[in-house]
Amino acid sequence: MQEKVQRLVHTFAALADLGQEIADPHDFLEMVRTSLHLLLGTLAIRRGAVCEYDKADQVLHFVAARGLGDEPPTDVSLDQEEVDGLLSLGLRGLEIADETPAFAQFAARHKSLLEELRIDLVVPLVVRNDLTGLVMLGGKASEEPFTAEDREVICSMARHIGVGIHTHRLLEELERRAEENRQLYDGLRGIYRDTVRAFAAAIDIKDKYTQGHSERVGKYSEIIAREMGWGDEEVEGIAIAGYLHDIGKLIVERDIINAPYKIDAKKSSELNRHPAAGYEILAPIRHPYADIPLMARHHHERIDGRGYPDGLTGDQIPIGTKIITLADSFDAMTTNRPYKTRRSLEEVVEDFRRNTGKQFDVEVVVSFCRALLKEMRSDTKHRPITKILGKDYVEPERIAPLLEALITELESGAYSQPQPVASAAHSES
Amino acid sequence: MAESLTGAPVRSRCIGEMAVVYATDYLNKLSGERIERECRLRLEEGCRALVINFRDTELVNSIGVSILLGVIDAAEGVGAQLVFSDVNTQTVELFEMLGLTKYVALAQDEQEALNTLTEFKGTGASVGH
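Going line by line, the protein sequences match chains A and B.
Each residue of the first sequence is one higher than the one before, starting from 1 at the first, in the working numbering.
Each residue of the second sequence is one higher than the one before, starting from 1001 at the first, in the working numbering.
The set of hints was computed from the structure by calculation and includes no laboratory data.
Check before you lean on any hint, since a few could be wrong.
Below are the DSSO-like pairs computed for lysine-lysine, each with C-alpha atoms no more than 30 angstroms apart in a straight line [as the list claims (entries may be wrong)]:
#1 Lys4(A) to Lys206(A)
#2 Lys140(A) to Lys1029(B)
#3 Lys381(A) to Lys340(A)
#4 Lys4(A) to Lys1029(B)
#5 Lys4(A) to Lys219(A)
#6 Lys206(A) to Lys262(A)
#7 Lys1102(B) to Lys140(A)
#8 Lys140(A) to Lys206(A)
#9 Lys1102(B) to Lys374(A)
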């Protein structure tokens, strides 16, 4: 009686440990190895193995083995008939001499392996009518035959192991699908990016004097955002917004865009429709990044409220838009236009100084100046701004001190508060 | 009698051709496989008598039993003798119930285990079979 109680306590403790192990499958191989230890140790079975059935290759793969030699046994191939046979048997303990036809066929086909491994009992792991694997067991240390009670215990533990393998498979399948989705999403993002760049090229082709403008604005915006510490996702979003900021120009007459002189008020009003038009074009599209239509709409807004189309001021203008605005103006100032040649970088720096807090945001200007300064001081391996502008144009020895002075001036706080002004005025792009 | 400490954190010592391995509480987890590895290592080094000391082992669970079966298997493979020492009453009952005592001799303490092994070595008899 005392021994029966002790056996029960030992078995229940093992079942509890097994349940915990299966419920927390931190490491699949470790889980299976521990489960096999628990199963063997419960009845002091001297050898055994847990195999996982690989549906794709139709093989039983030995995941864990004890007492079967130093090398794990090689995979066991199963044909569909055998799989169906094992499925029909369900989860139960089968003595090697069991004459149930489906099992007898399996035992006969793998006789040499089962003899070599000295296997006495086999349990097909069938979970939800799916063959997840097989447990193979040798004899007990006591050398007594397996009792009906032993088989109950073995099946109960084998069921846990089968569920563990099944869960592991489901998780693997889930991970595989998640990975597929990730790849699909990356692919779609790639297509989206390429489409956007094609659009940017289409916009720029319409304006023969500013070819590459959208691409450059995208690049400058990306540089500024990165300097401001934005994450990769947001940086990519702001680059896209830069590519698309002028998409509204597609509805503006080519003659107005390409006028080789400063256009009159009427034509200027027509041209100024492009931010709102851009918003109309972009708003119905589901972009993978936030606020792209709004950045197109507001890229001619100014901190002081003198911009268009909505006359927003200060914090009403999102930070992304402020980045696009500066990138757009910088490119406008540093490229030749039909009615004027590009400004020197010294003049550009002076324009920044004059218009920060009015047209441009302080933090954005400081970040752009820092990025430019890093390139001039060779603090960075990549020099995208210099590459765009040309080495000769940049003049690091002369411009770097100007940038440093501007940064110091802007960081002193003199330009932190926007000063709204009522009437519309200057905006260069 | 030379003694050495090897294979931390599993403590063991070698006394001539005999080795003592200390089971501690590692035995009842997957990390207990280190004890089995230590025993196998000692056997590979030429030890033909092993003592596993259970002085610091409160209880042995199913994982522990499985690992000890692995040690028994390894000892059998090279014809080595195996003695468990300092095993508490509850664990002795478990080993008897599961049939482990068919393969292993039990000793009150480590010294008794070593004496037993020395005696058997002298007579050429095997222990626990």
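- Measure nothing beyond the straight line between the CA atoms of Lys4(A) and Lys219(A); if it is 30 angstroms or shorter, mark the hint as holding. violated, 78 angstroms
- Task: Sort out whether Lys340(A) lies within 30 angstroms of Lys381(A), counting only the CA atoms.
- Result: violated, 33 angstroms
- Under the criterion that the straight-line Cα-Cα distance not exceed 30 angstroms, is the pair Lys1102(B), Lys374(A) satisfied? Violated. Lys1102(B) to Lys374(A) sits at ~78 angstroms, over the 30 angstroms cutoff.
- Between Lys140(A) and Lys1029(B), does the CA-CA distance stay at or below 30 angstroms? holds, 21 angstroms
- Query: Under the criterion that the straight-line Cα-Cα distance not exceed 30 angstroms, is the pair Lys4(A), Lys1029(B) satisfied?
  - Reply: It holds: about 25 angstroms lies between the C-alpha atoms, which stays within 30 angstroms.
- Message: Next pair to validate is Lys1102(B) with Lys140(A); report whether the Cα-Cα distance is within 30 angstroms.
- Response: Holds: Lys1102(B) and Lys140(A) sit about 12 angstroms apart, inside 30 angstroms.
- Message: Hint check: Lys4(A) vs Lys206(A), CA-CA at most 30 angstroms. Holds or violated?
- Response: violated, 91 angstroms
- Straight-line Cα separation of Lys206(A) and Lys262(A) no greater than 30 angstroms? holds, 18 angstroms
- Query: Is the Cα-Cα distance between Lys140(A) and Lys206(A) 30 angstroms or less?
  - Reply: Between Lys140(A) and Lys206(A) the Cα gap is close to 85 angstroms, so the pair fails against 30 angstroms, i.e. violated.
Against the hints set out earlier in the document, violations occur for numbers 1, 3, 5, 8, 9.
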